[in-house]
Amino acid sequence: MDYIKVAENLGFSKDLIVNIYKKISGGYYISLYYAKSPILYALDQWPKKYLGKKFLLWYNSSFDSEIDKIISLFVTLDVKILHRVASILIKQENQDRKEEDDINDVFEEMKKTAEKYGFTYYPQRIEIVVKNSLINELVNDIFHIREREIKNDLYTILGEIAYESEYLTKIKEEKNWIRAIDRKNILKALYLEGKLEEFLSQEKIKIRYLIASRTLIFDKLLLTKGIKETLNDIKDLKNEELKNEVEKLTTEINKRVSYF
Numbered sequence: 000m001d002y003i004k005v006a007e008n009l010g011f012s013k014d015l016i017v018n019i020y021k022k023i024s025g026g027y028y029i030s031l032y033y034a035k036s037p038i039l040y041a042l043d044q045w046p047k048k049y050l051g052k053k054f055l056l057w058y059n060s061s062f063d064s065e066i067d068k069i070i071s072l073f074v075t076l077d078v079k080i081l082h083r084v085a086s087i088l089i090k091q092e093n094q095d096r097k098e099e100d101d102i103n104d105v106f107e108e109m110k111k112t113a114e115k116y117g118f119t120y121y122p123q124r125i126e127i128v129v130k131n132s133l134i135n136e137l138v139n140d141i142f143h144i145r146e147r148e149i150k151n152d153l154y155t156i157l158g159e160i161a162y163e164s165e166y167l168t169k170i171k172e173e174k175n176w177i178r179a180i181d182r183k184n185i186l187k188a189l190y191l192e193g194k195l196e197e198f199l200s201q202e203k204i205k206i207r208y209l210i211a212s213r214t215l216i217f218d219k220l221l222l223t224k225g226i227k228e229t230l231n232d233i234k235d236l237k238n239e240e241l242k243n244e245v246e247k248l249t250t251e252i253n254k255r256v257s258y259f
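Using numbering that gives the first Met the number 0, you'd call the opening residue of the sequence shown number 0 and step up by one each time.
The set of hints was computed from the structure by calculation and includes no laboratory data. In this text, all values refer to a predicted model and were calculated from it rather than measured experimentally. There could be a bad hint or two in this list.
Stated by the list, open to error - Straight-line alpha carbon distances no greater than 20 Å define the calculated PhoX-like cross-link-like pairs of lysine-lysine that follow:
id : residue 1 : residue 2
1  : Lys68     : Lys21
2  : Lys247    : Lys47
3  : Lys22     : Lys4
4  : Lys174    : Lys205
5  : Lys115    : Lys68
6  : Lys237    : Lys219
7  : Lys227    : Lys247
8  : Lys48     : Lys110
9  : Lys150    : Lys90
10 : Lys203    : Lys237
11 : Lys219    : Lys194
12 : Lys234    : Lys254
13 : Lys68     : Lys48
14 : Lys169    : Lys187
15 : Lys111    : Lys52
16 : Lys35     : Lys174
17 : Lys97     : Lys13
18 : Lys150    : Lys205
19 : Lys224    : Lys242
20 : Lys247    : Lys203
21 : Lys4      : Lys52
22 : Lys21     : Lys47
23 : Lys111    : Lys48
24 : Lys13     : Lys68
25 : Lys234    : Lys203
26 : Lys183    : Lys171
27 : Lys242    : Lys203
28 : Lys227    : Lys242
29 : Lys194    : Lys247
30 : Lys79     : Lys194
31 : Lys115    : Lys53
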């Protein structure tokens, strides 16, 4: 099951569904589904996918009555998936009111952005009822992806982040010997070069998302504060529990690489 199939199941025109789907790059489900760790980094700058100038310009030149319904469906799916995965992970009842607030917030952001660009029209929310049977598979997909990341070795994940980072590319230009280092030893190499702390600083936002996911701090915040405020709290390190966990991580990684 994917967003296109859900929309088709609700009786919308496939050509229009696919057109809008492409305009928003598949929505946030597809970004989370294919994201490398940290998975939640795919949500950074939420809800940017719905705020693109080209997308809003296209909307202003299109007058199909189904467009608002399909956009409403995609936003609803994005929000519901995040909330329901969070409720499963922390074993807490989902708050429908918070889902509603987050859906409305996305449409408010689209309105503000369209007006900023000088556009006359912007997507209007239309209440879309989606049966649980149509979204459970999507929810389960993201739940299992999050679950794998939570259970995966933290040292291995950080090594992958380091190996794929622009920061490492720059270090390789300065230190030729690091080019020969494989993924599993890259943190050790950065430590030996005296660059580990700098790497952790350069990738601090990704690391905050990673820790917020693995500790379920993201999920606890999400169900009480909503998506936008939760993401801001994580990026700005406003949450004391997260701050302590990040400090704990830094200490543990330094001990591990210095030991080996």
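- Query: If you check each hint against the structure, which ones fail?
  - Reply: 2, 4, 5, 7, 11, 12, 16, 17, 21 and 30
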